[in-house]
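Got chain S sorted already, so can you dock chain Y onto it with the hints?
Number of protein chains: 2
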Amino acid sequence: MESKGFVYCVLVLFFLGFQGCADGRLLTEPKPDKDAVAAYARWLVSQNSWGTLNTISIELKGSPFGNVVSFSDGVPNKGTGVPYFYLTTLDPTARNALKDQKSSLTISEYPIGTCGNADPESPVCAKITLTGKLVLLEANSKEAKFAQTALFTKHPEMKGWPKNHDFQIFKLEIEDIFMINWFGGPKPLTVDEYLKYKT
Amino acid sequence: MESKGFVYCVLVLFFLGFQGCADGRLLTEPKPDKDAVAAYARWLVSQNSWGTLNTISIELKGSPFGNVVSFSDGVPNKGTGVPYFYLTTLDPTARNALKDQKSSLTISEYPIGTCGNADPESPVCAKITLTGKLVLLEANSKEAKFAQTALFTKHPEMKGWPKNHDFQIFKLEIEDIFMINWFGGPKPLTVDEYLKYKT
Chain S
1 MESKGFVYCV LVLFFLGFQG CADGRLLTEP KPDKDAVAAY ARWLVSQNSW GTLNTISIEL
61 KGSPFGNVVS FSDGVPNKGT GVPYFYLTTL DPTARNALKD QKSSLTISEY PIGTCGNADP
121 ESPVCAKITL TGKLVLLEAN SKEAKFAQTA LFTKHPEMKG WPKNHDFQIF KLEIEDIFMI
181 NWFGGPKPLT VDEYLKYKT
Chain Y
1 MESKGFVYCV LVLFFLGFQG CADGRLLTEP KPDKDAVAAY ARWLVSQNSW GTLNTISIEL
61 KGSPFGNVVS FSDGVPNKGT GVPYFYLTTL DPTARNALKD QKSSLTISEY PIGTCGNADP
121 ESPVCAKITL TGKLVLLEAN SKEAKFAQTA LFTKHPEMKG WPKNHDFQIF KLEIEDIFMI
181 NWFGGPKPLT VDEYLKYKT
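Chains as they are written, first to last, in UniProt numbering: chain S, 1 to 199; chain Y, 1 to 199.
Isolated chain S, as found in the complex (with noise of 0.2 Å):
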């Protein structure tokens, strides 16, 4: 009995240590080491698979509004690095993207359960800001399409979300980028080298 305990145990340890707190999350790729920043900003991006809208709003005065929304950048160890979205204009951040494109897309490395026992705000647990503009996408285009496919890859419960709530789909046309994953400040990084940075 000891010895059959004991191995239930160890088994159940052993898928602990597969499944342990990555419900959800997509975590393939070791961590980059923190110089290698572009290959660290698009771990972060590629990794996650939610973060932080903000748009401008429209309802609260130009206030900056943000929302919880899932993202795709690619089907899973493929990124692209320019983040998808499919939002429905039943919410507000669809809304005022189309009336101000003006936007940011926020992640923490926090929530991917890499930070070790580092506080979510400190620099040594990663944080990225990608600005620049929401840009609805045409229908049926073929960036549409490639953004569908990484989109329910990624998340498979938006397959069945409703036809009729007008979901589409959405990109960050990115043009600044701003990086926290060490002490010292900012990273430097330009788009162009987030964009081109090969995984």
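There may be inaccurate statements among the hints.
Which copy is meant is left open, because identical chains are indistinguishable; a pair holds if it fits in one copy or across any two.
Below, computed lysine-lysine pairings styled on DSS-like, alpha-carbon distance capped at 30 Å [unchecked claim]:
| # | residue 1 | residue 2 |
| --- | --- | --- |
| 1 | K61 | K133 |
| 2 | K159 | K187 |
| 3 | K61 | K34 |
| 4 | K99 | K133 |
| 5 | K34 | K163 |
| 6 | K163 | K142 |
| 7 | K187 | K163 |
| 8 | K61 | K196 |
| 9 | K142 | K34 |
| 10 | K133 | K187 |
| 11 | K187 | K34 |
| 12 | K198 | K99 |
| 13 | K198 | K163 |
| 14 | K34 | K159 |
For the record, the hints were derived by calculation from the structure and aren't laboratory data.
Just so we're clear, the structure is a prediction, and the values are computed from it rather than from any experiment.
Structure of chain Y alone, referenced to chain S:
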């Protein structure tokens, strides 16, 4: 040996049960019913330790700039609903707020770990955006002392952050609440109902 191994293994499981995915989280209160709107909103704010704080960017020509921050609304199980922050003007968020107080704090239920298998964008996985003014507290005021205790209790690492980095305490003066915690769009909730709710 087997027996010792089993006991050790059970102890590890027991320890994992407490720690689990809870590193840095202070989840001590069960989730309220979805229709108890004020209770749910206060729970979401009190149980979470970080979010995205959005300001209007000075450097990025008025773009909505989200930054990952830690916050606290009180010592554990005594939340006030008012989020306090420990921010440095080395960082754009505090600099932006000193120029334009318009701000919002966005928090997801997802990292708390109570969304089951729901996607982070699903209305079943709650999200809240508190919009208002990001205000610098007067140093050594009664409220600043309260806030510092609330912050340092929830985020012990903050105590050791560099004294010469000009960290100061800010609060969000809430003017509007946007919360989705089920199907059917945002739940009606006034700031007064939210703040007066007794935990």
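To see whether the hints hold, each was checked on the structure:
no.	hint	in the structure
1	K61 - K133	both (19 Å within a copy, 12 Å between copies)
2	K159 - K187	between (37 Å within a copy, 25 Å between copies)
3	K61 - K34	between (39 Å within a copy, 29 Å between copies)
4	K99 - K133	both (11 Å within a copy, 23 Å between copies)
5	K34 - K163	between (42 Å within a copy, 25 Å between copies)
6	K163 - K142	within (20 Å within a copy, 53 Å between copies)
7	K187 - K163	between (42 Å within a copy, 23 Å between copies)
8	K61 - K196	between (37 Å within a copy, 25 Å between copies)
9	K142 - K34	neither (35 Å within a copy, 40 Å between copies)
10	K133 - K187	both (22 Å within a copy, 29 Å between copies)
11	K187 - K34	within (10 Å within a copy, 41 Å between copies)
12	K198 - K99	neither (34 Å within a copy, 39 Å between copies)
13	K198 - K163	neither (35 Å within a copy, 40 Å between copies)
14	K34 - K159	between (36 Å within a copy, 25 Å between copies)
Consistency note: the structure conflicts with the earlier hints numbered 9, 12, 13.
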